[in-house]
Amino acid sequence: MSRNALTPGIAAGRLAPQDYAENFSDLHPKLDDHEALVAADRCYFCHDAPCVTACPTDIDIPLFIRQIATGTPEAAARTIFTQNIMGGMCARVCPVETLCEEACVREAAEGKPVIIGQLQRYATDTLMEKGVHPFTRAPETGKRVAVVGAGPAGLACAHRLAMHGHDVTVFDAREKPGGLNEYGIASYKTVDDFAAREVDWLLGIGGITIETGKALGRDVTLDALREGFDAVFLGIGLGDVNALGLEGENRDGLRDAVDFIADLRQAGDLENVPIGREVVVIGGGMTAVDAAVQAKLLGALNVSLVYRRGRERMNASVYEQDLAASHGVRIITNASPVAIHGNGALREIEFEYTDDDLTPTGQTFRLPADQVFRAIGQTLTGDDLPRLDGRKIAVSGAGRTSVEGVWAGGDCTGDGEDLTVTAVAQGRDAAEDIHESLTKTG
Amino acid sequence: MADLTSDFIGIKSPNPFWLASAPPTDKEYNVRRAFDAGWGGVVWKTLGEAGPPVVNVNGPRYGVIYGADRRVLGINNIELITDRPLEVNLEEMTRVKRDYPDHALIASLMVPVNEDAWRDILHRVEDTGCDGVELNFGCPHGMSERGMGSAVGQVPEYIGQIAHWCKKHSDLPVIVKLTPNITDIRKPAQAAKDGGADAVSLINTINSITSVDLDLFAPEPTIDGQGAHGGYCGPAVKPIALNMVAEIARDPATADLPISGIGGVTTWRDAAEFMALGAGNVQVCTAAMTYGFKIVQEMISGLSQWMDEKGLTDTGQIVGRAVPNTVNWQDLNLNYVTKAVIDQDACIKCGRCYAACEDTSHQAISMSEDRVFEVIDEECVACNLCVNVCPVEGCITMEQMAPGAVDPRTGKVVEKEYANWTTHPNNPGACAAE
Ligand SMILES: Cc1cc2nc3c(=O)[nH]c(=O)nc-3n(C[C@H](O)[C@H](O)[C@H](O)COP(=O)(O)OP(=O)(O)OC[C@H]3O[C@@H](n4cnc5c(N)ncnc54)[C@H](O)[C@@H]3O)c2cc1C
Ligand SMILES: Cc1cc2nc3c(=O)[nH]c(=O)nc-3n(C[C@H](O)[C@H](O)[C@H](O)COP(=O)(O)O)c2cc1C
Ligand code: SF4
Ligand code: SF4
Ligand code: SF4
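Protein chains in written order, with the UniProt record's numbering: chain A, 1 to 442; chain B, 1 to 434.
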């Protein structure tokens, strides 16, 4: 008998083959020319535009939209990439509803912002489809920089350094470069292997070597890097996840949402990805939403997303929450997990309602659960690191760490923005600072 | 990358985009910021004689025509020339030119029609170090009532005379700015050339009333219950300006007269079009007034992208390229037969093409019960109206019929040979036009 949504336990192949393709297709496909022109026409070309201020990479949004409106999307793409070399990925994954589009004056005027994200995708796709790399390298400086981590922060840093003529070697512990672009972002936001294609395209600048399977602390040390290179940039993201602190937490069926998503992203064939009939996701951020939605898209019958505080405190934007709800994910708030039930295998998970201060109310309920995904935040790992500030690498200025000659940026630093676009901004800014210090001293 | 640097009658600028003489170029503060924003040159707001400057109205001076979504299509103004003292303007121009030696700075002048007045002002502006002068024979309101501006521009003899004085009393390149408020633009252009001018610039603004206040029963903008006609500019005037530029460029008598194209330039494309019709560079006013100085960045990136795509390396290669293809009606090939074709995949079924063709053209579009719109080749005269009113770009196209095919409308074989009005056998007027 073929498997379906009602098949008990954890099973692969719950859907018909064509349903996988349908479910995991592009969330917002590229606009066609007509759609792009109509959308671009709505932009007012605001002065000192609020959308630009809201963009962590300061993309000149009115200019690039005008360039689309005047039939030069390639020029628009150049405007975007000048500020944000991952403008293609950001166009797909930025929570625009809390960034540029929230700030758009037409959101204030009519509750309908200019669709900046989709216009950005239109422009960047147009240039990237032509295989054009829009920048050329400055003459080689002979300086060598080591970048650890090939995620958005590391790659943005590497690109900017290479552009300035430095020689860059990127080390990454994983098999493939891209960081969470490759292993984390929801698959319907980055279809057709976009993450890998973007990395290839980005490397078109030249002067960047990527060494995968090389981990800091395992295969290389910070001291060795400082010795062998003129500067070091750390963009290692957050390698570990927070635990729930419950008994039986390492039971089968209970796993980290990021691992589930990474497996899903790397699965050649989604039919082979097992998913529970009853799935519970614990957490309130983007990772939780992505895990819940993708569980549903894989054919889970019931998916609940349980968050310990109120809706307004959820890190996932209202748009993301609505996306989850529209896919049939049930969102339960003000509830904390207290116990895991099941004899051997996971059967149920028990929650207790809490008030907004997380004070337990004594009222509990149980959810049937074949699979539970933990998505309550990631943490930094590694000992061979510069001084920390709390749980992240302490930085000052444009990513300077406590160690001379070592910069850092992205998720492993900062105050918890944890967005692709902030990682890109920090990588880029650190590169400028590194460039300045390298050219000054030498 | 295409080279955007421009050489207009020996005046060099980093690109062919100049700001026209108007409020954007009214003072040092603006002009510095304009250069910093990327403009290649400016024509300073028109200077008048020494002495007390003119006084502007103190109520609203602009009226406007909107397209959808309050897009500014045309602006009407009743502003005069600079209302700041000559000395102040000259000092500011001197400082700006000193700090921006590679940018073009042109002095726009308007003084009464007598030789002394022109000689005096020329000597004073020469000291600023400016790169040339533009003679404002264009303002159609206010100044014209005092015998200047378009009152001069409408009399070719005055134009020639003043151009001559200017060349006589100064070595600066002289550009004559023409008014479009005239029947045949070639006449003032010819007069400018005959007077020795180095170039013409056009167009200045067009006599206009943009709207009427229906409570006050007075033209807008309304000053104390009354309004005066003003000068119209912006995207709405571009077609008029393009034609006037082409008229001068096509006329063998003035074909070698350099032209600075003005009127509705808003995007890189507008600029390329003016240049293709013979303008050596362009000047911009309304686009900057509507969107700010930054607008030039799109013009720069767009023009250079287009030039790269076309394999053009120098802006000079654009100038005049469309002039040989700008002909009289009687030279058009009547054996060129096209039919409208509707792309059914792109069609959104609004029916605008149907309404237009059915009610006002040739009843050449059919409409089915389920709103499929199709061209009836037997009726289509290829007028292009459906293409023009369709809201979807590229949805309706005009496809050429291959020679040898039979045009179902006329039943005649499409001839391969070129045949115009004067030779076409179908045309009873064939001989009349000889
Ligand atoms: C499931 C999920 C969904 C997300 N969705 C979105 C979204 O839709 N929009 C959005 O803006 N953001 C989203 N984010 C956040 C975003 O992905 C991150 O903020 C961003 O990727 C951070 O970039 P980074 O370069 O700092 O780190 P990462 O992308 O994590 O890259 C770090 C890299 O460093 C490598 N590395 C780690 N340790 C070592 C070591 N010791 N030695 C060598 N290499 C090492 C890793 O293998 C990795 O390649 C999501 C995150 C997750 C987990
Ligand atoms: C408010 C205003 C004031 C102007 N003042 C002058 C002027 O002082 N001298 C002049 O030569 N042209 C003047 N013009 C005309 C412009 O320089 C330009 O020729 C005209 O606006 C057409 O260009 P546009 O469509 O880009 O605006 C003025 C235009 C406007 C809108
Ligand atoms: S909406 Fe406000 S900021 Fe915009 S033009 Fe009007 S008054 Fe100025
Ligand atoms: S705020 Fe909106 S309308 Fe204004 S420039 Fe940005 S996208 Fe355009
Ligand atoms: S081109 Fe003119 S005649 Fe032909 S279908 Fe269109 S509107 Fe009708």
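Hints are computed from structural coordinates only; laboratory data are not their basis. Beta carbons are placed, not taken as given, at the ideal position from N, Cα and C, and that holds for glycine. Misleading hints may appear alongside valid ones.
Stated by the list, open to error - Here are a few chain B residues that face chain A, going by a calculated C-beta distance under 10 angstroms:
hint	residue
1	Ala68
2	Asp69
3	Arg71
4	Tyr291
5	Gly292
6	Ile295
7	Met299
8	Ser304
9	Gln305
10	Glu309
11	Thr313
12	Val392
What the hints assert, rightly or not - Computed list of lysine-lysine pairs in DSSO-like fashion (alpha-carbon distance at most 30 angstroms, straight line):
hint	chain 1	residue 1	chain 2	residue 2
13	B	Lys168	B	Lys27
14	B	Lys294	A	Lys30
15	B	Lys294	A	Lys112
16	A	Lys130	B	Lys339
17	B	Lys168	B	Lys187
18	A	Lys112	A	Lys189
19	B	Lys294	A	Lys130
20	B	Lys349	A	Lys112
Do the hints match the structure? See the list:
1. Taking 10 angstroms as the C-beta cut-off, the interface hint given for Ala68 (chain B) holds, the closest approach to chain A being about 9 angstroms.
2. Checking Asp69 (chain B) against chain A: minimum C-beta separation of about 7 angstroms stays under 10 angstroms; hint holds.
3. Checking Arg71 (chain B) against chain A by beta carbon gives a least distance of about 8 angstroms; that is within 10 angstroms, so the hint holds.
4. Restraint check, Tyr291 (chain B) versus chain A: the minimum CB separation of about 5 angstroms is within 10 angstroms; hint holds.
5. At about 6 angstroms, the closest approach between the beta carbon of Gly292 (chain B) and any beta carbon in chain A falls short of 10 angstroms, and the interface hint on this residue holds.
6. A distance limit of 10 angstroms between C-beta atoms decides the matter here; for Ile295 (chain B) the minimum to chain A is near 7 angstroms, and the interface restraint holds.
7. The closest approach between the C-beta of Met299 (chain B) and any C-beta of chain A is roughly 9 angstroms, which is under the 10 angstroms cut-off, so the hint is satisfied.
8. Because the smallest distance between the Cβ of Ser304 (chain B) and any Cβ of chain A comes to about 8 angstroms, under 10 angstroms, the interface hint for this residue holds.
9. Interface hint at Gln305 (chain B): satisfied, since its Cβ lies 5 angstroms from the closest Cβ of chain A, which is below the 10 angstroms cut-off.
10. Because the smallest distance between the Cβ of Glu309 (chain B) and any Cβ of chain A comes to about 9 angstroms, under 10 angstroms, the interface hint for this residue holds.
11. Using the Cβ-Cβ criterion of 10 angstroms, the hint placing Thr313 (chain B) at the interface with chain A is not satisfied: the shortest such distance is roughly 18 angstroms.
12. At about 6 angstroms, the closest approach between the beta carbon of Val392 (chain B) and any beta carbon in chain A falls short of 10 angstroms, and the interface hint on this residue holds.
13. For the hint linking Lys168 (chain B) to Lys27 (chain B), the alpha-carbon distance of about 29 angstroms falls within 30 angstroms, and the restraint holds.
14. Restraint check for Lys294 (chain B) and Lys30 (chain A): satisfied, since their Cα atoms lie roughly 28 angstroms apart, inside the 30 angstroms limit.
15. Between Lys294 (chain B) and Lys112 (chain A) the alpha-carbon distance is near 25 angstroms, which keeps this suggested pair within the 30 angstroms criterion.
16. With a C-alpha separation of about 33 angstroms, the suggested pairing of Lys130 (chain A) with Lys339 (chain B) is violated against the 30 angstroms cut-off.
17. Distance restraint check for Lys168 (chain B) and Lys187 (chain B): the Cα-Cα separation of roughly 22 angstroms lies within the 30 angstroms cut-off, and the hinted pair is therefore satisfied.
18. Proximity of Lys112 (chain A) to Lys189 (chain A) is assessed by CA-CA distance (about 22 angstroms); at most 30 angstroms being required, the pair is judged to hold.
19. For the hint pairing Lys294 (chain B) with Lys130 (chain A), the CA-to-CA distance comes to about 28 angstroms; that is within 30 angstroms, so the pair holds.
20. A distance of roughly 25 angstroms separates the Cα atoms of Lys349 (chain B) and Lys112 (chain A); the hinted pair therefore holds under the 30 angstroms criterion.
In this structure, the hints that do not hold are numbers 11, 16, in rising order.
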